[in-house]
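Listed here are the chains, written in short residue letters.
Protein chains: 2
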Amino acid sequence: MIQKLVNEIKKKNAPIVVGLDPQMSFIPEELLNKYYAEKGHTLDAVADAIYDYNVGLMDAVSDLIPAVKPQVAMYEQFGIPGIIAYKKTVDYAHTKGLVVIGDIKRGDIGSTSTAYAVGHIGSVEIGGEKIYPFDEDIVTVNPYLGSDGVKPFIEVCNKEDRGIFVLVKTSNPSSGEFQDREIDGRPLYEIVADKVTEWGLDSMDGDYSNVGAVVGATYPEMGILLRKAMPKAYILVPGYGAQGGSGKDLKGFFNEDGLGAIVNSSRGIIAAYKNEKYAGMDYKDAARQATIDMIEDIRVNALS
Amino acid sequence: MIQKLVNEIKKKNAPIVVGLDPQMSFIPEELLNKYYAEKGHTLDAVADAIYDYNVGLMDAVSDLIPAVKPQVAMYEQFGIPGIIAYKKTVDYAHTKGLVVIGDIKRGDIGSTSTAYAVGHIGSVEIGGEKIYPFDEDIVTVNPYLGSDGVKPFIEVCNKEDRGIFVLVKTSNPSSGEFQDREIDGRPLYEIVADKVTEWGLDSMDGDYSNVGAVVGATYPEMGILLRKAMPKAYILVPGYGAQGGSGKDLKGFFNEDGLGAIVNSSRGIIAAYKNEKYAGMDYKDAARQATIDMIEDIRVNALS
Chain A
1 MIQKLVNEIK KKNAPIVVGL DPQMSFIPEE LLNKYYAEKG HTLDAVADAI
51 YDYNVGLMDA VSDLIPAVKP QVAMYEQFGI PGIIAYKKTV DYAHTKGLVV
101 IGDIKRGDIG STSTAYAVGH IGSVEIGGEK IYPFDEDIVT VNPYLGSDGV
151 KPFIEVCNKE DRGIFVLVKT SNPSSGEFQD REIDGRPLYE IVADKVTEWG
201 LDSMDGDYSN VGAVVGATYP EMGILLRKAM PKAYILVPGY GAQGGSGKDL
251 KGFFNEDGLG AIVNSSRGII AAYKNEKYAG MDYKDAARQA TIDMIEDIRV
301 NALS
Chain B
1 MIQKLVNEIK KKNAPIVVGL DPQMSFIPEE LLNKYYAEKG HTLDAVADAI
51 YDYNVGLMDA VSDLIPAVKP QVAMYEQFGI PGIIAYKKTV DYAHTKGLVV
101 IGDIKRGDIG STSTAYAVGH IGSVEIGGEK IYPFDEDIVT VNPYLGSDGV
151 KPFIEVCNKE DRGIFVLVKT SNPSSGEFQD REIDGRPLYE IVADKVTEWG
201 LDSMDGDYSN VGAVVGATYP EMGILLRKAM PKAYILVPGY GAQGGSGKDL
251 KGFFNEDGLG AIVNSSRGII AAYKNEKYAG MDYKDAARQA TIDMIEDIRV
301 NALS
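Order-wise, the sequence lines are chains A and B.
Numbering-wise (the numbering used here), the first sequence opens with residue 1 and increments by one.
Numbering-wise (the numbering used here), the second sequence opens with residue 1 and increments by one.
There may be inaccurate statements among the hints.
Note that the list lumps identical chains together, so a pair holds whenever it fits in one copy or between two copies.
With a cut-off of at most 16 Å between alpha-carbon atoms, the simulated EDC-like pairs for lysine to aspartate or glutamate come out as follows [stated by the list, open to error]: (1) K284 with E30; (2) K151 with E177; (3) K159 with D202; (4) K232 with D148; (5) K274 with E29; (6) K39 with E129; (7) K4 with D207; (8) K130 with D44.
What the hints contain is simulated information worked out from the structure, not anything from laboratory work.
Based on the sequences and whatever the hints tell you, model everything.
And the structure:
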C-alpha cells in the first residue's frame, strides 16, 4: 500500500493529504440549512450535510492530491448517522482515486486490536464470505499498549496490503508530557521510533514499509532526528497550517529524493473560505486555492 | 457518575463488571443461524445475533452486577451494523439499570478529543437541541497524547456528570514495553498515575473522582502501588479470568472499605458455556453461574 501512496504522490507531485475533519462550524450554513429543512435538527441532517460538504471538497481538490485523511472522531461525534457519513466518505474518496488514511488512532490488545484492524483495513469472514466493513487503505494506531496492540494491525497489513501510521511524536503542545520523558537518556518517542522500525521490517513495499509513523510538523528538530531514526518509515505529518507548522519547518521530515513524508492540512484547506486570504470564494474554490498554495509552499520551502 | 457506580456496587455487593465483547466464536450457533436464515451472510445478520446474545446475557446477570463494559472494537469490526448493535446494547443496558462503561480507548487532541467526548459521554447541540449520540456513562481513554487529549473528556465529565478511566497499566504481556520504562527512576505508568490524580482533582463525586484509571489484574504488585498513588481514582481492573488474574491477586487494588476497584471479566462470563466447568448449561445459565462464582471469588479472596 505504501508503494501505491508513493506512486500517487509522485504522479500528483504533491506530498500532501487533506484532512476531512468536518466540524459543524466549518460547514457552510446553506448546506446545513438545506438538510435541516429536510430532516429537522437531527444527527441525520448534520451527517448528510457533512457528506455533501466532503463530496464538494473532494471534487474540488482530488486532481491535486494523492490522499485524504478523514478524522473519525468528527463523524463519531454525530453517532451512527455520523459514522455512516464517514463510511460514505471513504467510498467516495475511492471513486476519485484517492488513498484513504483513516485517522482513527485505535489501539488495544490481542483479539481486540485484531477486531479494529479487520474492521478498518481488513475483512471479516461471515459464512465463508469476505466483507470489508470500513475499507480504509491506511489507519493511524496508538502504541501505548506495546507490541500486543500494534502487531495485529501489521498482520492485517501484510495479508491485505494495507498500511498503518503509528503515533510517535504528536503535534499538540502537551505531547511532551509523556512522549518527551527520558528513558536511559533518550526520549520515549525515540524508544517508540525504534519499535516502529522493528515492527516494519517484515512489511516492506518498495523502498518503504507499510508501517509508518506520525510526527508533528510543530516539532521540526524532532522531525530531522526521527527521519533518520526510522529510515524505512513513511512519516505522516500533522500540524501544518492552523496548528502552526509551515513549509520551511518540514525540510527535515523528507529524504533527499523528496519522499518519505506526507503532510496533512485539515482546517487550513477545508475551512479556507473562512480565512480572509480567500475572502469572497465559496468553500470549494477556497479549498482548491489553499491546496495549490500549500503544495507550492512545500515544494519551495521544504523540497528545494 | 462515580458515586452512582459506587452505590450500585454496594447495592449488588459485587465490585464487578461484565465485559460484553462478543467475538463471533462466542455466539451460540443457533443464534447466528437464525439471523443468517433471515438476512444471509451479512454484517446485519451478525450484528443482530450479537445484540440478541447481549440481551440474553444482560437478562441473565443484570440483577447480580452494577455495570457492563461493551468493548466497541468487537462491534466496530462489523462496520455500521456492528455499531448499531453497540448503541442498542448501551440503551438496553440502561433499561436494566446498569452503568455502561464504553471500552473505547479513544484519545486525540483538542477539538478532536472533544468530538469523541461529546459523542460518547456528552451531547452535541444541533439547532439549539441537545442530542446524546452514544450515551455511555463512562469511557476508557488513552493518555499517550497528554493533557490535551484527556482534558476535553474531563470537561464533558464535569458538565454532564459522567466518568472516564484512563489507561495507566494495561493487562497485556507487552504493556511493559513503554509503560514500565523508567523515567527519573520511576516507571512511565507512575508518571501517568500522577497525572490521573492531578486531572481528577476538580472532578470529585463523593469520595472518589470521576477520573479513574485502568490497571490490569495481571500485575498485582503494581496494583498495590497504584492504589496508593491514586487515592481518589476508582480502578477498572481488566485481565481477570481468561487473561490470568484471579481473586487473590486483586486484594491490593481495593481500599480497606472494599471500594476503589471494579473488576472486569469478559470471555470468562459471556463464553462460560464453552468452559467444561459449566458443561451442559446454555449460554445464559452458564454466564449467570460464572458471574456468581466470580463474585464469590472476589468476596472471599480479595475482600475478606
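Here is how each hint holds up against the structure:
1. When the C-alpha separation of K284 and E30 is checked against a cutoff of 16 Å, the pair qualifies only within one copy, where the shortest distance is 14 Å, while the shortest distance between copies is 52 Å.
2. In this assembly of identical chains, K151 and E177 lie within 16 Å of each other by CA distance solely across copies; the values are 13 Å between and 26 Å within a copy.
3. Taking CA atoms no more than 16 Å apart as the test, K159 paired with D202 passes inside one copy only; the shortest distance there is 12 Å, against 47 Å between copies.
4. For the homomeric pair K232 and D148, neither the shortest alpha-carbon distance inside one copy (22 Å) nor that between copies (30 Å) is at most 16 Å.
5. In this assembly of identical chains, the alpha carbons of K274 and E29 lie at most 16 Å apart only when taken from the same copy (12 Å versus 55 Å across copies).
6. Proximity of K39 to E129 under the C-alpha cut-off of 16 Å is restricted to the inter-copy arrangement: shortest distance 14 Å between copies versus 36 Å within a copy.
7. Within a single copy, K4 and D207 get their C-alpha atoms as close as 12 Å, which meets the 16 Å cut-off; across copies the closest is 55 Å, which misses it.
8. Taking CA atoms no more than 16 Å apart as the test, K130 paired with D44 passes between copies only; the shortest distance there is 14 Å, against 29 Å inside one copy.
Violated hint: 4 only; the structure is consistent with all others.
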